[in-house]
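Student: Below are the chains, spelled out letter by letter.
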Amino acid sequence: MKTTVVVSGSGGQGIMSIGTMLAQTAVSDGREATFLPEYGPEQRGGSAKCTVVIDDREIISPLAKKCDVFIAMNEQGYKKFIADLKADGILVYNSSRVTSEIKRTDITAVPVPADDICTELGSMKCANIVMIGALTAVSDIVTKDGFASHIEEKFAAKNPGLFKTDIEALEKGAEYGKKINS
Amino acid sequence: MAKILMKGCEAVAEAAVRGGCRFFAGYPITPQNEIPEYLSWRLPEVGGAFVQGESEVASISMVYGASAGGTRAMTSSSGPGISLKAEGISYLSSTKLPAFIVNVSRGGPGLGSIQPAQQDYLQATKAMGHGGFRLMVFAPATVQEAVDIAYDAFEYAERDRNPVLMLMDGCLGAIMETVELPPMKDITGKETAAWNVKRYPGEKRSPRALTPVYPEMFLEYENKQRAKMYEAWQKNDVKVEEFMLGDAEYVVAAYGITARLAKEAILRLRAEGFRVGMIRPITLYPFPKKSFDGLDYSLVKGIIDIELAIPAQMRDDIALEVKDRAPIYEFGHSGGILMNDEDTYAQIKKIVTGGDK
Chain A
1 MKTTVVVSGS
11 GGQGIMSIGT
21 MLAQTAVSDG
31 REATFLPEYG
41 PEQRGGSAKC
51 TVVIDDREII
61 SPLAKKCDVF
71 IAMNEQGYKK
81 FIADLKADGI
91 LVYNSSRVTS
101 EIKRTDITAV
111 PVPADDICTE
121 LGSMKCANIV
131 MIGALTAVSD
141 IVTKDGFASH
151 IEEKFAAKNP
161 GLFKTDIEAL
171 EKGAEYGKKI
181 NS
Chain B
183 MAKILMKGCE
193 AVAEAAVRGG
203 CRFFAGYPIT
213 PQNEIPEYLS
223 WRLPEVGGAF
233 VQGESEVASI
243 SMVYGASAGG
253 TRAMTSSSGP
263 GISLKAEGIS
273 YLSSTKLPAF
283 IVNVSRGGPG
293 LGSIQPAQQD
303 YLQATKAMGH
313 GGFRLMVFAP
323 ATVQEAVDIA
333 YDAFEYAERD
343 RNPVLMLMDG
353 CLGAIMETVE
363 LPPMKDITGK
373 ETAAWNVKRY
383 PGEKRSPRAL
393 TPVYPEMFLE
403 YENKQRAKMY
413 EAWQKNDVKV
423 EEFMLGDAEY
433 VVAAYGITAR
443 LAKEAILRLR
453 AEGFRVGMIR
463 PITLYPFPKK
473 SFDGLDYSLV
483 KGIIDIELAI
493 PAQMRDDIAL
503 EVKDRAPIYE
513 FGHSGGILMN
523 DEDTYAQIKK
533 IVTGGDK
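Read top to bottom, the protein sequences are chains A and B. Just so it is clear: in the first sequence, position 59 is 59 by our numbering, and no numbers are missing. Just so it is clear: in the second sequence, position 265 is 447 by our numbering, and no numbers are missing.
If we strip away everything but chain B, and leave its shape as in the complex, we get (with noise of 0.2 angstroms):
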């Protein structure tokens, strides 16, 4: 199929579709709207359903209900309004229900700006709403990646009735590239899916019901299963890209938007003769450890950490691996402020040269 020129919110929206997606429910924030705007004339093309609810704790809600009711459904939102959905996320990933979320990610605390951030890592990583429970979360860094990540996210929701969470920063969000889609997904026979509670004519079995609230026993029963599907994503479904590692001698660590730049930086790095590699989280959890501790820190004098965040979030993970075996470094932006090629070059190179120590 030929590539296409396409958004970036706009390509997630249409894999999303093609994934299975059926019905979405979300309210307007910059840098996401073009999701919903896609979404309000493409889902009902297919038999779906859109609807802009009348805030994001309702649209999280009937999420919650359409994915109940057996439809692939998806939300989408920036920073503010993932904070606002985070307790019906609680309670989808409580009462073990699949969804598809977007985070498109913006510039915070708070309100924050418009502009392009990755300052969602922590919320998304450690503590996605109440209660201490875990998505996976997947972080493109082109839009192929992130057509490729929304085309299958419905196959990871349901196989762990689970949500699962995408984080792209809203210069992915907002920007062109060429893309392939992939082809429609047959989704007949996912409404008599095992959760579904709506019977349908010809379906013998009783009734089911669906809750977030579970007697203490029950409930410590359900969290011990869900550490071991934390543990089965870590074993099965780690995604990482490993760039020139092999004798890299300082290993750049960045994820989305940031690790572009950083893979620029390094092949004009690598053209001088410094020796620079690059781990790029796709998964953001499950992490990849292995590829933090496997690393040769007989070569290793640095992990440098880039991200759109003051201070980097991402750090914390990174040092649970590396234990100490190696400085780590960090530099990025934060507040919507993106960086450019010659900003990450130049501060790349200061600390591989010892400019930084």
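So here's chain A without its partners, still in its complex pose (with noise of 0.2 angstroms):
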């Protein structure tokens, strides 16, 4: 099944990352993947967005208006794409920074305090991990340890106590998921 995700932020929040972890997450497990970034000329602070397709098949349009799952890391990126996500979809906001109260009753909404928990791991870089770890409670796209696997591939040799942190908000995230579902 085709699964369309868009991230959106802004830049040094760890938009692209999210993106490209959850295409190369889902490549791995065999599926294929495609991951277009949409940015401007600012290094920081400028609004920052990302599409990942993941389908079973060969995928023919990277280029969805509307998709099934919504990580927003931010009020600005929130406003933006919240009308592109399809009834009965995943929206996963970063209620730390996500000040509107969300309107929407046809889709599930996932409040996660990803700044405040990355405060409480002690790093500000893990916020985007967070959410991920949300999103695997939530959803079926990639699974909790698929993409722990794909960061321990990526960080566990480079940067140990990075790779000992992101783990840790992976699991805080998954803990604020599995809090909607039950």
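Hints are supplied without guarantee of correctness; some may be wrong.
Below, a sample of chain A positions facing chain B; criterion: calculated Cβ distance under 7 angstroms [said to hold, decoys possible]:
id: 1; residue: A23
id: 2; residue: L36
id: 3; residue: L63
id: 4; residue: V138
Only pairs whose alpha carbons sit at most 30 angstroms apart, straight line, appear in this in silico DSSO-like list of lysine-lysine [unchecked claim]:
id: 5; chain 1: A; residue 1: K2; chain 2: B; residue 2: K531
id: 6; chain 1: B; residue 1: K406; chain 2: A; residue 2: K65
id: 7; chain 1: B; residue 1: K308; chain 2: B; residue 2: K406
By construction, these hints were calculated from the structure, which means they are not laboratory data. Glycine included, C-beta positions come from ideal geometry on N, C-alpha and C.
Since each chain comes alone in its own frame, lean on the hints to assemble the complex.
Tutor: What follows is the structure, encoded as structure tokens:
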């Protein structure tokens, strides 16, 4: 089944990392994936968005208007793309930064205070991993174990400290996701 | 070989290296920076050389020099930088030197925007520099296709002793998708190529000169030879994807990323019973004339040209083959605005159901 994920926020929040990591996890799992970044000329602070399409079959169009999953990292990104989430879609949002009231009732909304969790964990770099953790609890597009083995491959040797924090972040995020499911 | 996830620009760079590229010179511009960035570390690994030139003009001139020395040489840029390289590309063609040039195209005209567009079609296919020469122009729609083209680009360039151009939209340069990379080509012996000005130890031939300057008579002779080469391309080298044309009442014409959006829309429309097909040129030059000329115009009610260019640029080439046998509709965006699946579907459907007449 074709699943489209949109991630939005501001440059520096790890938007593109979420996208590439989701795509890579799916490919490692034997599926097809495309990752398309969209950003302005700024390195930091500008708006950033990426679209990831995951499918069991060859992906024809990597550009989709509507998404099945929407990960909103900040208020601006939330406002810009919430209308593009399909009915019955999943919204995972960084409730430390998204201050709007979630008005849509036809979706599953998962609030995750990703920035606050990061502060607790002592690293501001893992907010994006927290969000993926929450996503794994409410959707089966990637599994927590599949994602963990991907970041293990990527960071375990290169930066053991960051890897440890990332795994904690993944678990914390998953806990928040489970709260919604129960 | 297992498929891996790779960014379009990086996959093209790797495929060029595997296809024998051993020299790159270029100047930074978005959205193609990942090509030089990748080659800056990759080329030295295979004994090649990478230069970030002081300008586009310098870079294309270095490619000219490297090619004259028998090296498989490449450059890449985006619209504004390609314009600056146009002079050098004309000189390469005039001197009959092979090279591989990639335009990862962005919104224009002028400095335009850094977002994807297809506004360099006319430049690429009609006049990629002064003097009325042509290049083979390839337009991939997937990263895999871009890899395959980059891998074989030097074969065409050396066969014809003429530069080869790959025109890919910024979307395909930035996207990551799965690819299968081909094996490394053995390029031993290429250094003794017929145009190489450098004499190697043991070579007994007389000195060789290359020049972009000819006396009038010889220049006309060369241009006549070139005309024959373009005819041969039209006969032998056209690459095109014809999709669901058999019973099609409406035929979409699109290339690159746009064709992928169109294909998905066509599958959806087919499921609803609409007879829509597509012609996707893979070589923009030579243009797939026969695909358009040979349509069954007793069935075809319209051609729908979809491009990230306003006004559409490929339309002129289509019109020459359709010869007023069916109306040509066009839609798209430009300046860096992308289409999405819903818009593409809705626009095609509007035309097919008569809403746009």
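Student: It remains to establish, for every hint, whether it holds in the given structure.
Tutor: Each hint tested on the structure:
For A23 (chain A), the interface hint holds, the least distance from its beta-carbon to any beta-carbon of chain B being 6 angstroms, beneath 7 angstroms. Residue-level restraint check for L36 (chain A) holds (minimum Cβ-Cβ distance to chain B is 5 angstroms; threshold 7 angstroms). The interface hint given for L63 (chain A) holds, since its Cβ lies 5 angstroms from the closest Cβ of chain B, which is under the 7 angstroms cut-off. Annotation: V138 (chain A) was flagged as interfacial toward chain B, and the flag is violated, the nearest CB pair being 24 angstroms apart, outside 7 angstroms.
A threshold of 30 angstroms between alpha carbons decides the hint, and for K2 (chain A) with K531 (chain B) the separation of about 22 angstroms falls inside it, so the pair holds. For a cut-off of 30 angstroms, the pair hint linking K406 (chain B) to K65 (chain A) is broken: about 50 angstroms separates their Cα positions. With a C-alpha separation of about 17 angstroms, the suggested pair K308 (chain B) and K406 (chain B) falls inside the 30 angstroms cut-off, and the hint holds.
Violation of the numbered hints given earlier is confined to hints 4, 6; the remaining hints are satisfied by the structure.
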